[in-house]
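S.K.: Given the coordinates of chain X, assemble chain W onto it according to the supplied hints.
Listed below, chain by chain, are the residues.
2 protein chains.
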Amino acid sequence: MVDETYLVRALENNEFDIFRDEYFNLHPYDRAQFYFKLNPELRVKIYEYLSPEEMGEIIENIDADDEDYEPLFAEMNAQYAADTLSRMYTDDAVDVLNELTKDQAASYLTIMDQESAKEIKNLLHYEEYTAGSIMTTEFISIPEHSTVRSAMAILRNKAPDAETIYYTFVINEDRKLVGVVSLRDLITSEEDRLIKEIMSDRVVSVSVSEDQENAARMMKDYDFLALPVVDFQQHLLGIITVDDIIDVLDEEASDDYSKLAGVSDMDSRDRTPLRAAKKRLPWLIALLFLGMLTANLIGSFEDTLEQVAILAVFIPLIAGMAGNTGTQALAVAVRSIATGDIKDESKMKLIMREAGTGLITGTVCGILVTGIVYFWQGSFFLGLLVGFSIFASLIVATLAGSLVPLIMHRFNIDPAVASGPFITTINDIISILIYFGIATTFMGYLT
Amino acid sequence: MVDETYLVRALENNEFDIFRDEYFNLHPYDRAQFYFKLNPELRVKIYEYLSPEEMGEIIENIDADDEDYEPLFAEMNAQYAADTLSRMYTDDAVDVLNELTKDQAASYLTIMDQESAKEIKNLLHYEEYTAGSIMTTEFISIPEHSTVRSAMAILRNKAPDAETIYYTFVINEDRKLVGVVSLRDLITSEEDRLIKEIMSDRVVSVSVSEDQENAARMMKDYDFLALPVVDFQQHLLGIITVDDIIDVLDEEASDDYSKLAGVSDMDSRDRTPLRAAKKRLPWLIALLFLGMLTANLIGSFEDTLEQVAILAVFIPLIAGMAGNTGTQALAVAVRSIATGDIKDESKMKLIMREAGTGLITGTVCGILVTGIVYFWQGSFFLGLLVGFSIFASLIVATLAGSLVPLIMHRFNIDPAVASGPFITTINDIISILIYFGIATTFMGYLT
Numbered sequence: 001m002v003d004e005t006y007l008v009r010a011l012e013n014n015e016f017d018i019f020r021d022e023y024f025n026l027h028p029y030d031r032a033q034f035y036f037k038l039n040p041e042l043r044v045k046i047y048e049y050l051s052p053e054e055m056g057e058i059i060e061n062i063d064a065d066d067e068d069y070e071p072l073f074a075e076m077n078a079q080y081a082a083d084t085l086s087r088m089y090t091d092d093a094v095d096v097l098n099e100l101t102k103d104q105a106a107s108y109l110t111i112m113d114q115e116s117a118k119e120i121k122n123l124l125h126y127e128e129y130t131a132g133s134i135m136t137t138e139f140i141s142i143p144e145h146s147t148v149r150s151a152m153a154i155l156r157n158k159a160p161d162a163e164t165i166y167y168t169f170v171i172n173e174d175r176k177l178v179g180v181v182s183l184r185d186l187i188t189s190e191e192d193r194l195i196k197e198i199m200s201d202r203v204v205s206v207s208v209s210e211d212q213e214n215a216a217r218m219m220k221d222y223d224f225l226a227l228p229v230v231d232f233q234q235h236l237l238g239i240i241t242v243d244d245i246i247d248v249l250d251e252e253a254s255d256d257y258s259k260l261a262g263v264s265d266m267d268s269r270d271r272t273p274l275r276a277a278k279k280r281l282p283w284l285i286a287l288l289f290l291g292m293l294t295a296n297l298i299g300s301f302e303d304t305l306e307q308v309a310i311l312a313v314f315i316p317l318i319a320g321m322a323g324n325t326g327t328q329a330l331a332v333a334v335r336s337i338a339t340g341d342i343k344d345e346s347k348m349k350l351i352m353r354e355a356g357t358g359l360i361t362g363t364v365c366g367i368l369v370t371g372i373v374y375f376w377q378g379s380f381f382l383g384l385l386v387g388f389s390i391f392a393s394l395i396v397a398t399l400a401g402s403l404v405p406l407i408m409h410r411f412n413i414d415p416a417v418a419s420g421p422f423i424t425t426i427n428d429i430i431s432i433l434i435y436f437g438i439a440t441t442f443m444g445y446l447t
Numbered sequence: 001m002v003d004e005t006y007l008v009r010a011l012e013n014n015e016f017d018i019f020r021d022e023y024f025n026l027h028p029y030d031r032a033q034f035y036f037k038l039n040p041e042l043r044v045k046i047y048e049y050l051s052p053e054e055m056g057e058i059i060e061n062i063d064a065d066d067e068d069y070e071p072l073f074a075e076m077n078a079q080y081a082a083d084t085l086s087r088m089y090t091d092d093a094v095d096v097l098n099e100l101t102k103d104q105a106a107s108y109l110t111i112m113d114q115e116s117a118k119e120i121k122n123l124l125h126y127e128e129y130t131a132g133s134i135m136t137t138e139f140i141s142i143p144e145h146s147t148v149r150s151a152m153a154i155l156r157n158k159a160p161d162a163e164t165i166y167y168t169f170v171i172n173e174d175r176k177l178v179g180v181v182s183l184r185d186l187i188t189s190e191e192d193r194l195i196k197e198i199m200s201d202r203v204v205s206v207s208v209s210e211d212q213e214n215a216a217r218m219m220k221d222y223d224f225l226a227l228p229v230v231d232f233q234q235h236l237l238g239i240i241t242v243d244d245i246i247d248v249l250d251e252e253a254s255d256d257y258s259k260l261a262g263v264s265d266m267d268s269r270d271r272t273p274l275r276a277a278k279k280r281l282p283w284l285i286a287l288l289f290l291g292m293l294t295a296n297l298i299g300s301f302e303d304t305l306e307q308v309a310i311l312a313v314f315i316p317l318i319a320g321m322a323g324n325t326g327t328q329a330l331a332v333a334v335r336s337i338a339t340g341d342i343k344d345e346s347k348m349k350l351i352m353r354e355a356g357t358g359l360i361t362g363t364v365c366g367i368l369v370t371g372i373v374y375f376w377q378g379s380f381f382l383g384l385l386v387g388f389s390i391f392a393s394l395i396v397a398t399l400a401g402s403l404v405p406l407i408m409h410r411f412n413i414d415p416a417v418a419s420g421p422f423i424t425t426i427n428d429i430i431s432i433l434i435y436f437g438i439a440t441t442f443m444g445y446l447t
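Residue numbers (the UniProt record's numbering), protein chains in the order written: chain X, 1 to 447; chain W, 1 to 447.
Fair warning: there could be bad hints in the mix.
In this list, chains with the same sequence are indistinguishable; a pair is considered to hold if it fits within one copy or across any two.
Mimicking DSSO-like on lysine-lysine, the simulated pairs with C-alpha atoms at most 30 Å apart in a straight line are [claimed, not checked]: (1) K118 x K176; (2) K118 x K158; (3) K158 x K196; (4) K118 x K102; (5) K347 x K37; (6) K278 x K349; (7) K102 x K279; (8) K347 x K278; (9) K279 x K349; (10) K37 x K349; (11) K347 x K279; (12) K158 x K176; (13) K37 x K279; (14) K176 x K196; (15) K37 x K278.
No lab work stands behind these hints, which were simulated from the structure alone.
Chain X extracted, bound-state conformation (with noise of 0.2 Å):
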């Protein structure tokens, strides 16, 4: 869509007025993806071309988890830096300020205007992940006694600098949130009516120091595109605007994934080997340990390897079925919670439903097995002992699956924590103790 090399040529033949022309043409996002990718020679031309509000203004449309503010704004001469700032809506602002170092934001907030360097060090106050971290300020309130006239009056003001104009919420004397009227409301309603007459007090609030996934999960089921957020005494503080809500979204599905195949988390950041191997190398570390118990817990049985060699044959089969039956309940219950559908269904209503399913998959792979053992190796009493070794792991795994996320969460651990590679080692070690728990104690029917 972006018509690169013409920029860049204009850029690099300090062709002001072409660059500006063309620039402007890009939606912002454009312009942000081609800012990002210039190299720093030529960005730091763009800081000359470009006010500090159009310069926020690109800041604004970088995914804030794709990239690296800290160089970025480095490359700036602090006051500009500031003043960009300053410029950008306060919630963008402090997604900035949290990912640049401590003397970078304690500068810029000395430096910048008074006002601007206010509102956002109140929003840094709030805990990360937190309604509070994620709201902005920049909203419109109405005073309850207005007409619709003065209310269009005052959005028509405000207009150039409020996030979003489309949700207007209504307050009282006392500056308490009492309702919210959209502007569709707005412009069909007669002009002399009041707001109090038309607006609709079933409004739905959040809480600062509610979870930013909570509130993001009330606007995809209301379909709200802008959600108060309120203290405890009902003051309106902030709004949440839905962009956000879809960032937020994204964020915890991410972070779900990459925690069920065991990473700490993906980026495009990690853009060298190294980077990527220091992300996943912990977890590997990890689970080479743990690997390393399940080989110790093989070894107590060496004896009844030695007599029955073909009994290793089977391990991975009985281990890999336990992890993967294991993943899949783990998957089920992350996602109950994380939905929040586990509140529709009590917790015992869930593992009953586990186990249930896990009877029946250890049935059903349990005789499967033990027919095909018993044809392939042509010894029935091997084929029972690695199918029932199968039904048994299955309906332990399957539980284990969903009892352990839904104990982290009853602790307050996210439950994603107890990601995929876990369980699956957990599971592998119960599934080999069963396995050869059983040979060893009937060992004599094998030889």
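M.R.: Frame of chain X, contents of chain W only:
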């Protein structure tokens, strides 16, 4: 949030007015939740108490993924059901019809008012998962030569029926899309100005046959509230609104997650163990047969195993490490493809990076394992054998984990299908082949 007992009692006592008063105090989403949880006898009363239009609003607020529409519509009188569908936004009505039986859908379309039926049939043509299938035709378009005043009049007039009025798309005489104007622009502009002058002609649109996921990514990146859908001649056909996009992104993330865990799909409809088992068994059985292949493979090394039983001890460790590292690489590749990052970076680059990552993780884990096994078992050669097998397996598994989804993507197969369990099983086989291959070759050093 819902005082359910009060509402249920009103229904049971046939208190029509009380029920309606209280019920309409609820947000449509809460109304939908209440309706859905009701037992069928009381649901039938709801159909008497609410008009098809009011019912339509409720159905629009039921999450299509969570609930089963078929029994709900089967409860209704056919004319009432058809009227309900015709009062809904076309895109939502289409979602419902797609979930009903063919007979049910056809009969509703026959008795419905013919204008709605025609609009719905137009949308039913679009293939699932395309932009066309999620767009709505209830949008507002204005001619480029109108004034702000007349545009506002059109908006006021059409506001009750349109799905969004915050973005209005501008068309020329040939009904081709030429621009976009936001309600924010309209209310802050002079009433006599021409739309042509205030509109933005940098309007981003999506083709009707485009994948819905691409449309969703585009809206997320550009922070759009509405995206116009056009045919190949740039005629405006419909719009996609942000609430539909959130559902698409959520669905796709859930889908990738499920496949990584080896569950075909997870939804809250699986309330019984039997339904849950039915969804998981096909995967488990497929994996069981793959696991039998692995067992067969190990079986072919039975001679080696009989001579050196200790070899069996490290099978799960080596296979497990290969499986984990493969899943990590798979997850990174699948997410890169899903989020479109893969376009920014050539595929060759990704593969080279993964090869480098595998080399680093393989070297670190290989050396670690060699040391641990040496100290534990006192055999340097055994340590070297296990360590080297881990080294080689990790490199191959990392490469396989990234190559498989890339190749599938190339052939237009959803790469998430190369799910966790499958890549794990493939890597099991590769790693066991490496391990026993080396062990058998250098047998002399082990005994």
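S.K.: Please go over all the hints and tell whether each is borne out by the structure.
M.R.: These are the hints, each one checked on the structure:
1. K118 x K176: Within one copy, since 22 Å is at most 30 Å while 48 Å is not.
2. K118 x K158: Within one copy only: 20 Å inside a chain, 43 Å across chains, cut-off 30 Å.
3. K158 x K196: Both: 21 Å inside a chain and 24 Å across chains, each within 30 Å.
4. K118 x K102: So K118 and K102 pass the 30 Å test inside one copy only (17 Å; across, 61 Å).
5. K347 x K37: between (49 Å within a copy, 18 Å between copies)
6. K278 x K349: This pair counts as between: shortest inter-copy Cα distance 18 Å, intra-copy 41 Å.
7. K102 x K279: within (24 Å within a copy, 50 Å between copies)
8. K347 x K278: This pair counts as between: shortest inter-copy Cα distance 22 Å, intra-copy 37 Å.
9. K279 x K349: Answer is between; shortest inter-copy Cα gap is 19 Å, intra-copy 37 Å.
10. K37 x K349: Classified as between; 17 Å across copies, 52 Å inside a copy.
11. K347 x K279: between (34 Å within a copy, 21 Å between copies)
12. K158 x K176: within (20 Å within a copy, 33 Å between copies)
13. K37 x K279: within (24 Å within a copy, 45 Å between copies)
14. K176 x K196: Only inside one copy: K176 and K196 sit 14 Å apart there, 42 Å across copies, limit 30 Å.
15. K37 x K278: within (25 Å within a copy, 49 Å between copies)
Comparing the model with each numbered hint stated earlier shows that all of them hold.
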